[in-house]
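Chains as they are written, first to last, in the numbering used here: chain A, 1 to 267; chain B, 1001 to 1267; chain C, 2001 to 2267.
Derived by calculation from the structure, the hints in this document are not laboratory data. Keep in mind the model is a prediction, meaning the values are calculated, not measured. Glycine residues also receive a C-beta, built at the ideal position from the N, C-alpha and C atoms. One thing to keep in mind: the hints can contain errors.
[Unchecked claim] Rough simulated footprint, nothing fancy, chain B against chain C, three-plus residues with beta-carbon under 8 angstroms:
1. 2004-2015
2. 2034-2048
3. 2075-2087
4. 2122-2130
5. 2235-2241
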Amino acid sequence: MSRGVITFTSDFGTKEYYVGAVKGSVLSVNPDARIVDLSHDIPSHDLLGAAFTVLGSYGLYPPGTVHLIIVDPGVGSKRRGLLVATEKYLFVAPDNGVLSLVYQREDIRQVVSIEAEHYFRQPVAPTFHGRDIFGPVAGYLSRGIEASKFGPPITDYVKLTLPDVKEVGAGVLEGFVLHVDKFGNIITSIREEDIAAKMGQGARPRKFVINDQEITKHVSYYSEGDAVKAFSLIGSSGFFEIASLKKSAARVLEVKRGMKVTAEFQA
Amino acid sequence: MSRGVITFTSDFGTKEYYVGAVKGSVLSVNPDARIVDLSHDIPSHDLLGAAFTVLGSYGLYPPGTVHLIIVDPGVGSKRRGLLVATEKYLFVAPDNGVLSLVYQREDIRQVVSIEAEHYFRQPVAPTFHGRDIFGPVAGYLSRGIEASKFGPPITDYVKLTLPDVKEVGAGVLEGFVLHVDKFGNIITSIREEDIAAKMGQGARPRKFVINDQEITKHVSYYSEGDAVKAFSLIGSSGFFEIASLKKSAARVLEVKRGMKVTAEFQA
Amino acid sequence: MSRGVITFTSDFGTKEYYVGAVKGSVLSVNPDARIVDLSHDIPSHDLLGAAFTVLGSYGLYPPGTVHLIIVDPGVGSKRRGLLVATEKYLFVAPDNGVLSLVYQREDIRQVVSIEAEHYFRQPVAPTFHGRDIFGPVAGYLSRGIEASKFGPPITDYVKLTLPDVKEVGAGVLEGFVLHVDKFGNIITSIREEDIAAKMGQGARPRKFVINDQEITKHVSYYSEGDAVKAFSLIGSSGFFEIASLKKSAARVLEVKRGMKVTAEFQA
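For reference, chain A alone in the conformation it holds in the complex:
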């Protein structure tokens, strides 16, 4: 089924030994695992940043893939470790909300609190559960060990409190800035399918308002967006985004993650 594919996302950076140690702990359990690096350059402790990175890629992988996500500001404290099963995938991560966007989008089959210590590397260092708990668990999962073997099912796992997209008027949606990418593109929490669900397939944005500025041009791809300060488009992960051609829209509009965004649509 999975053929041993394990994706690996972290905030470890690539200058220290952490990434190499976790990969070793996976391979020592399953030498046939195929580890695929997604990103190790998530900003330190940035749970929402990691959630967004995972959201943009996890669904592309073949069924049975194990997704290992280690962004773990609470390592060593009593926060739990999680194993989350959806129809197609298994996720291994600390219970700190880093999987919140997966919970929103997927039908969650099973969430297990990782407690079965015989699957851990011993002794467990209180500063490095990635190597001693999450890595080995991902390795065992990729060998086909059942999720339920790793601990009891739970339902009270942590979710980041992210504001829902709300309809605040006729054809007007309110969301927030989910992410600013390295090019300065502003990814909003409003998705193409929110519009389609509420206003029909053909609905098109009339304007976006963000930080008291109006964006009224909507395009299909970046290079169409010349001659205006900023424009909207549907980004590759399905969210509306605000961009500026060859400039950082976030800087041009002085926008930061978390700010409110409203969008007006016409059918």
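Fit chains B and C to the given chain A structure using the hints.
Using the frame of chain A, we list chains B and C on its own:
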């Protein structure tokens, strides 16, 4: 033959989800593919930089390797996608000249315009052909699907206009600065084999002139080059380069990519 | 046994073609090799930094793994290439001390000077032994070729002169700063097992002295360390380290690699 090796070069950086998404789109088509990261830190939209990186590594790979190169400033516009077959390799890239140095060095067997939409991920986002077109095509190629299945053969593919190395006098060659690497080494477009072809195997450089400065010392490896401001050597990809010991030659000599270089040789 | 796992550590960075070229040279010899990137962001020519990165990860890998380490300031000169066999692993690296921490910790079975040129890629560029010698040798090793085939055994390989941890008084150990990590944590050369060996399992640090400053709080994990300027803990690779909560301890205490550290313990 290829055993599913796919190299992957891009300007996506490692902070966003793009690299992980493309890898997923490859693996969803061929879960047994083995993706090898070359570099994702090509400067944004730097076609010649990507061309040079690919040039330095593609020829080392086993026959049958698929080389996937995504540096794509024109994504979403009408630029074509290409599949290029040489005797040993298959290249998948946008038709924007990023393969120019491959065209120079290889006997090109077949160039196909990628048009067969049933091999694409649907729907195709106009901003992310890497994920929706190039990744899946690389995956299918690695499964052994024939190049001709992906679209019609073409001959008018885009080449960067790079000046040829010219003989401008007896034993004098003129080229240009092809690349400045992260150490500040200046890689010229003049290759060891240009000299051998024109002046015989034993020919040695007498001097290089670049930005009105003469470089008269030629060495075999970097640490020989002390006691002079700058020296020439044959770099590991076969081009003459100008370097300074423990300093950036590009800064010392105020040299930028594209500048003219002349070299005088003696048999 | 090894199933072809080859870890790869270098100071090549990820902007140039060097990493991709070495991976190709490995795969051209063994197309089934599975190359695992540890880090390519070792600071240029930093032998001790590379040694520390390798130390933190090599021991996690399955038996038979080949560890390829290329940090090679002397490339092209007469420094030898090494193949080092321990009970579980094979190491391939230049003979410049980069394996010193492995020598300290492992029972070394065999050290071979790499000299058998028929295993090299030809011609060997004097500036890139990683591609032309070390990569291919790692590839052949992963195919099961015996270490002794690559050259004669030697015993006079290079070791970095690292001060031993010394007992300088009753319950007082003296070591040095081995590494400062990207968070500014100060990793000392004093290991948990040094204490256990000398003072019994239950021994706990009473204080550390570094750069004339005393650190008297000892914790189990980082987030316990609030309310003090700096604290000690046992890091994930078994060394005592000095950290500051959410700050760089190295900056707070003005500490650099190589500085003396003393530690007082009580049984």
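We went through each hint and held it up to the structure:
no. : hint      : result
1   : 2004-2015 : holds (count 3)
2   : 2034-2048 : holds (count 4)
3   : 2075-2087 : holds (count 3)
4   : 2122-2130 : holds (count 4)
5   : 2235-2241 : violated (count 0)
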